[in-house]
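Given the structure of chain A, go ahead and fit chains B, C and D onto it with the hints provided.
In the order they appear, the protein sequences are chains A, B, C and D.
Following the working numbering, the numbering of the first sequence begins with 1 at its first residue and continues without gaps.
Following the working numbering, the numbering of the second sequence begins with 1 at its first residue and continues without gaps.
Following the working numbering, the numbering of the third sequence begins with 1 at its first residue and continues without gaps.
Following the working numbering, the numbering of the fourth sequence begins with 1 at its first residue and continues without gaps.
Fair warning: there could be bad hints in the mix.
Intra- or inter-copy, both count: the list cannot distinguish identical chains.
Unchecked claim - Think about it this way: if two alpha-carbon atoms lie no more than 27 Å apart in a straight line, the pair counts; the simulated BS3-like pairs of lysine-lysine are:
#	residue 1	residue 2
1	K208	K92
2	K214	K252
3	K208	K283
4	K162	K92
5	K162	K283
6	K3	K252
7	K252	K208
8	K3	K214
9	K283	K92
None of these hints come from the bench; they were simulated from the model.
4 protein chains.
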Amino acid sequence: MNKIPVGVLGATGTVGQRFVQLLAGHPWFEVVAVTGSDRTVGRPYGEGVNWLMPGRVPARAAELIVQPTAPNLDIPGDPPVVFSALPTGEAKEWEPQFAAAGYAVVTNTSVFRMTPNVPLLIPEVNPDHTCLIPTQRAENNWPGFIVASPNCSTTSAILPLKVFQQAFGVTAAIITTMQAISGAGYPGVSSMDIYDNVVPHIGGEDEKLQNEPKKLLGDVRDGRMILADIAVSAQANRVPVIDGHLASVSVKLARPASADEAIAALRDWQPPAICAQLPSTPKELLIYRDEPDRPQPRRDRDAGDGLAWSVGKVRACPVLDVRYLALTHNTLRGAASGALLNAELLAVQGILGNRD
Amino acid sequence: MNKIPVGVLGATGTVGQRFVQLLAGHPWFEVVAVTGSDRTVGRPYGEGVNWLMPGRVPARAAELIVQPTAPNLDIPGDPPVVFSALPTGEAKEWEPQFAAAGYAVVTNTSVFRMTPNVPLLIPEVNPDHTCLIPTQRAENNWPGFIVASPNCSTTSAILPLKVFQQAFGVTAAIITTMQAISGAGYPGVSSMDIYDNVVPHIGGEDEKLQNEPKKLLGDVRDGRMILADIAVSAQANRVPVIDGHLASVSVKLARPASADEAIAALRDWQPPAICAQLPSTPKELLIYRDEPDRPQPRRDRDAGDGLAWSVGKVRACPVLDVRYLALTHNTLRGAASGALLNAELLAVQGILGNRD
Amino acid sequence: MNKIPVGVLGATGTVGQRFVQLLAGHPWFEVVAVTGSDRTVGRPYGEGVNWLMPGRVPARAAELIVQPTAPNLDIPGDPPVVFSALPTGEAKEWEPQFAAAGYAVVTNTSVFRMTPNVPLLIPEVNPDHTCLIPTQRAENNWPGFIVASPNCSTTSAILPLKVFQQAFGVTAAIITTMQAISGAGYPGVSSMDIYDNVVPHIGGEDEKLQNEPKKLLGDVRDGRMILADIAVSAQANRVPVIDGHLASVSVKLARPASADEAIAALRDWQPPAICAQLPSTPKELLIYRDEPDRPQPRRDRDAGDGLAWSVGKVRACPVLDVRYLALTHNTLRGAASGALLNAELLAVQGILGNRD
Amino acid sequence: MNKIPVGVLGATGTVGQRFVQLLAGHPWFEVVAVTGSDRTVGRPYGEGVNWLMPGRVPARAAELIVQPTAPNLDIPGDPPVVFSALPTGEAKEWEPQFAAAGYAVVTNTSVFRMTPNVPLLIPEVNPDHTCLIPTQRAENNWPGFIVASPNCSTTSAILPLKVFQQAFGVTAAIITTMQAISGAGYPGVSSMDIYDNVVPHIGGEDEKLQNEPKKLLGDVRDGRMILADIAVSAQANRVPVIDGHLASVSVKLARPASADEAIAALRDWQPPAICAQLPSTPKELLIYRDEPDRPQPRRDRDAGDGLAWSVGKVRACPVLDVRYLALTHNTLRGAASGALLNAELLAVQGILGNRD
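For reference, chain A alone in the conformation it holds in the complex (with noise of 0.2 Å):
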């Protein structure tokens, strides 16, 4: 089998680095052109990049010349496939442009996550949520298309809520977070505002926390997407921490159910038969946590290679019906490998073309 050639749009800053050294030893995608700001096009990625990662820029993509973003890439495939981790503003202006110029967008960035037509997915949760995707192309009259990924906090309480909306149905949930640093990417917070201090307040956050979810959990029919009905309440802080984002949810139930049928729900779940075909899904996804002090950030975020969600201190709320801790790493599951987990879904699901 022949390697998916992809291309990365906004190579250069943090989350385009990870997407470039994840896709370094990935199985199925090979990256084959990188795009990136006015400083350093023209340049070798190796040279151009300030390099933030551990380790090296691996060698294949140190050599590749960093290209303007536009959609003119000349990458194999139809559709041709691009990652993208492009700053807001030029999310807006470009991702519809390679769509409408035939190209696959996987994105991480949160412009288009919202669009009643974009897919917002993650594989564990709506990895049938894709069939929206003939909607959008029709809509818009785009060859190509964008799929998205949530933000890296929603991410994190995602997977419980999944869980008991299948078990008893959810209604409503009351979300704070502890977000770790990396999550503002680079040089991002200043550590004079995050040292010894939590700062209680990260722009546009709270909204993403109080929609997303409403999007993840809901249904499409007749190819439309219809939100779940649910309402939810987020406070997302800063902490400080390097990686992993840590959520504190109490969720009203539609279903009465208490801590134990709620722990057993999670230790029973399965994960749609989809995700075990594709090869970044790690053996365990929900590392359910029976120590009181556990998920933490610096203990639990690299679990599953950054892929799992740890949950822990599942127990009665004496307000709502239950609360729950979950984590994820924000710049592995909540970010580019998130997005690459969509793109192995896509290619399971035939939308990338035929890889043989």
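Relative to the frame of chain A, chains B, C and D by itself:
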């Protein structure tokens, strides 16, 4: 006016040291006796203590000989007054014995907080609860008594709850805290546990957060404690911050109110009149911050000499009614300074005897 | 006695803010003019500044209208006095123009520190170097003048060196510093660079550490600066500490001395007599700590209101002669407060005109 | 080839856990016995241990029953091999008894490091020092023997010193370290001591740093250890970093060399040939970084799977001859992995018996 002589029980621990430090400059009280562990008994306090406060051991306290904890301290006064910073086990053993021996015990420990006839006091919240003291004396047949201050995390969250209770009534609250490491004393939290990490568990803290507000916001009728009928759900987290507990709270109101009305209630709040007579009361007790990213532990914990509540981000809660953030300094307002204010309150109410 | 009116150049940056904060309570000086960037010019200081100091903007300063930086400020006095917290480029441009226009420029910037006729001043180290001022005025044909304070890392290390120079002579020093993040201003160091990390590089800092001690410990003879003949080797490191620069120093002495003799020299040191006349001088200027694990940034930086040197661990060096550790608060002693002390020195020496 | 069965003494502590974790995937060794404290003896290792390493207890080790530490472990082999991660007091008591009972003791403890007939080993530095083993056996009349690995801080600094010794000769070194908190084990350093702070004291560390290099860089002649004639001055500091010890070193050379010559010596260095036969040896052992701000603990500690030295900022020292920075991972290269490499070395040298 002469100063009121006081003793400090457990004076060599971190809370005990804080008492000694704060009392060194206090206009009304003066430390004349300190008790400590076997290791330190018989030595001058200045030699026996492993001083962790800023600066040096106050000169007069340094020369006091550490005594064993027992209700035979030579402290003039009727009643003689002691501040208790004893470890839990010792508090349980000794505090009743001191009360039985006629001492006024102003404690920072948790043992008797929920005992119905022990006032759980914050002067700004429930100064009238001292009227439980006669009941306590009668029921125990004690010449002395115990008054307690609440847990440091309860303290952070409580003042806005009180304000909302007065203005709108409160029926439920969901609290998530981010608490400083100093709350665990010394050596307390291992750096290997908390650095680059959050520990989502503090032993017994969730329960304290769920119970103490009911008493603080309750009523005393006919000398009996009537707990407030408020459901509270709590998740306490330890974060890598030196001082300052931050609480994120969603509240269900008895009478719905908008965020603007809630903010107005906070801004309009006036402390009980008696607070103006307490020498430690800061100019501003409740500081409402308009900035979207406040309060923050490092930047707000020292407001009002560590005695003010900094409150912010009051907004509508899509699930309950309103959300807010509140912060106090955990070792000052939430521990030693809070207990000291309680003693000032008792003095003004004439419960510590005649001061002139 | 009336206060001396002063201006603050670059008042909206972090050092400028510190000047404004410290001057608000100063017994001798009073801010009457502030300058700032284009963005803030014309607005009241209290509105234009992004205040990062504790508490609120001092009331009187808050109402001053921010002016452009130019030597036409209306500051009474002969000479009119300005404190400079300008960025390097602007300092280079404007400080000479202010001196040429007759202002006394007390600067915290690095531009002219090593200029031979500009006094590089620490009152406790070389108060007599102000005698370079007539030379400076004559050589530049300036009615005004510039005096500079040293780099914050130099300041940390220098006082014990001075003491040893007086007692034994010093011929060489090897310095390794561990410097706080506040030294880089705001936003300064990215949290992604410094959290769980050490950055062993601060641009230009090694050179400053290697050059400035030669001037501070040098002599002025016949109005000429004679640098001290001391070889200095430096390695500056940024560590995850908010405030407080710690220097680890090995010293080669001209006349060998034991560790005990070195400690005795530190303990016996008396500051220059004039220091007693400066209102900011703390009670204890050089605090020798016997504990094997002191000085420490968090525990010692605030000694003497952030103006004292904390020194410890003096011992024999198996390679040179003696080793020591020294610590000062980098944004107080090492920056704004240090410059303020310099102004107090100039005032006492009569160089700022008649104060009554 | 069959694996060599080994025991781990003190397997429940942090270094012991690291041994168990690393040995789980080792191509040559296999853990067949673990010893622990009274609390854990008799229980399966997986239950008795408070596992602090990432992931879970390796499956096979988890089932081993924890035994008391005593030289009657059933470990096949001639000699039977044990890794020692015992606390200092127990190491002093037990390691000689194991050697006397015929075991090969590969220790990470400090007790016998400076004992003349005990090899203090780093394969890249002094692999030939194992020739002290016959002397050790003869002088003690032991069938077994002890080999030690140096202190983690010594390890950080040593490789460039070795390179310079070979190239130019070294007569003196002044070392200042910035050491990670994991070096103190668990619970180790209190967060209240190290957060927002530097602790400039680690008990006994300065002495180890001053002594161990003399042995590592010394010669064995006629079966006798001849210490290198190098004066070393050291100041060890604890900084708020999880893993990775950084050393800042100034060196006096026997034959003067420029910084460029020193850099060339580092770049040209070839490890002893035997290193290529050790399975844990990483591809690159000494990584010279050109960037002015490297090495950094968080970004470089994992180089070469935590076994590489990252070196940088070699430059002329104005006082001695050259300065450099060096960094290694303290719990891998500086502890468990280092000892494991020593065992690999012994295996290749045929000292652990026949492996096939």
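Results of checking the hints against the structure:
1. K208 <-> K92: within (17 Å within a copy, 47 Å between copies)
2. K214 <-> K252: both (14 Å within a copy, 23 Å between copies)
3. K208 <-> K283: Neither. Shortest intra-copy (29 Å) and inter-copy (39 Å) distances fail the 27 Å Cα cut-off.
4. K162 <-> K92: neither (29 Å within a copy, 46 Å between copies)
5. K162 <-> K283: within (19 Å within a copy, 45 Å between copies)
6. K3 <-> K252: Answer is neither; intra-copy 45 Å and inter-copy 55 Å both fail.
7. K252 <-> K208: Result: close both inside a copy and across copies, 20 Å intra and 23 Å inter.
8. K3 <-> K214: Answer is neither; intra-copy 35 Å and inter-copy 55 Å both fail.
9. K283 <-> K92: neither (36 Å within a copy, 44 Å between copies)
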